[in-house]
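Make the full structure from the sequences, and use the hints.
Spelled out from the first residue to the last, the chains are:
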Amino acid sequence: MHSLLSRGNAIVAYTLSLLACLTFLCFLSTLFVDYRTNATINTVKVVVKNVPDYSASREKCDLGFITFDLHANLTNLFNWNVKQLFLYLTAEYTTANNALSQVVLWDKIILRGENAILDFKSMNTKYYFWDDGNGLRNNSNVTLTLAWNIIPNAGLLPSIFARGQHSFTFPSEYTVARL
Amino acid sequence: MDYFRNIPVHMDFDGQHKAEKLSRIIITLFGAVGLIWGYIIQQFSQTVYIVGAGFVLAAIVTVPPWPMYRRKPLIWQKPRPDNEQGDSHQKPKKKK
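Protein chains in written order, with the numbering used here: chain R, -1 to 177; chain Y, 642 to 737.
Calculated from the structure, these hints are not laboratory results. A hint or two may mislead.
Covered stretches of chain Y, as calculated for chain R (at least 3 residues, CB under 8 Å) [stated by the list, open to error]:
| # | stretch |
| --- | --- |
| 1 | 656 to 662 |
| 2 | 665 to 675 |
| 3 | 684 to 691 |
| 4 | 694 to 701 |
Cβ coordinates follow ideal geometry from the N, Cα and C atoms, glycine included.
So this is what it looks like as structure tokens:
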């Protein structure tokens, strides 16, 4: 503490240590927050086609086309340790070949301060609903679930499933016409 | 130039102790207030800004050697004259 530089160094070091402590307290204050909430999902149009998957094996695989409704109010999920939410809509189903298939159909980033009340009607999926074989046609138990990653200032990066899911059945006939 | 050379830039030992204590108190206080305020309005960025303000204030108050840190100077003994008998057994050896 005898010179200008050593005093400057001391208070910079102390400020940074204090900032680390405060960040840790911020993390502790949100450690036990329950980030689950309700979401209503519904399917509008459900169609399955049988087309060659040129991005992979070139064999004919099942390709599902769905549009969906989604209602959720995520405003309550934001606090001082949440910078953004990463939402993703997953379809889960079982086929003869696979005990569990999970396909991400749609996602969205919501920054803090943006509108967090979701009200989508007849949304198209963002990503292709490919099966790796012929497991979609007549599949009677495909479940859509909404989940989100919470991106914090400091702390854990949890993946939370919304309460509320939707199960639907794919038609028993392939659609041949162009959509 | 003499005017600038005569500006005292040191702190005495008591002043150094006071400067360190004061800087810690200021920064900790701003940190505590910032944490509470940031929690109330749920904006951690406000906490960081308040800590930053505390840092600037602490830097202004305790980094420059203000006169308030120079109030208890150490009283040194007067230097002894060079040609005294007491330390004469050291110096002749160096000269050889």
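Self-check item: Cβ contact check, 8 Å cutoff: the stretch 694 to 701 of chain Y against chain R, three residues minimum
Solution: With 4 residues close enough to chain R, the hint holds.
Quiz item: Under a C-beta cut-off of less than 8 Å, do 3 or more residues of the stretch 665 to 675 of chain Y approach chain R closely enough to confirm the stated coverage?
Solution: With 5 residues closer than 8 Å to chain R, the stretch 665 to 675 of chain Y meets the three-residue bar; holds.
Self-check item: Stated coverage of the stretch 656 to 662 of chain Y by chain R [criterion: 3+ residues, CB within 8 Å]
Solution: With 4 residues in contact (Cβ-Cβ under 8 Å with chain R), the coverage given for the stretch 656 to 662 of chain Y holds.
Quiz prompt | Proximity test - 8 Å, beta-carbon atoms, the stretch 684 to 691 of chain Y to chain R, at least three hits | solution = Held - the stretch 684 to 691 of chain Y has 4 residues with a Cβ nearer than 8 Å to chain R, which meets the minimum of three.
Violated hints are absent here; each numbered hint is respected by the structure.
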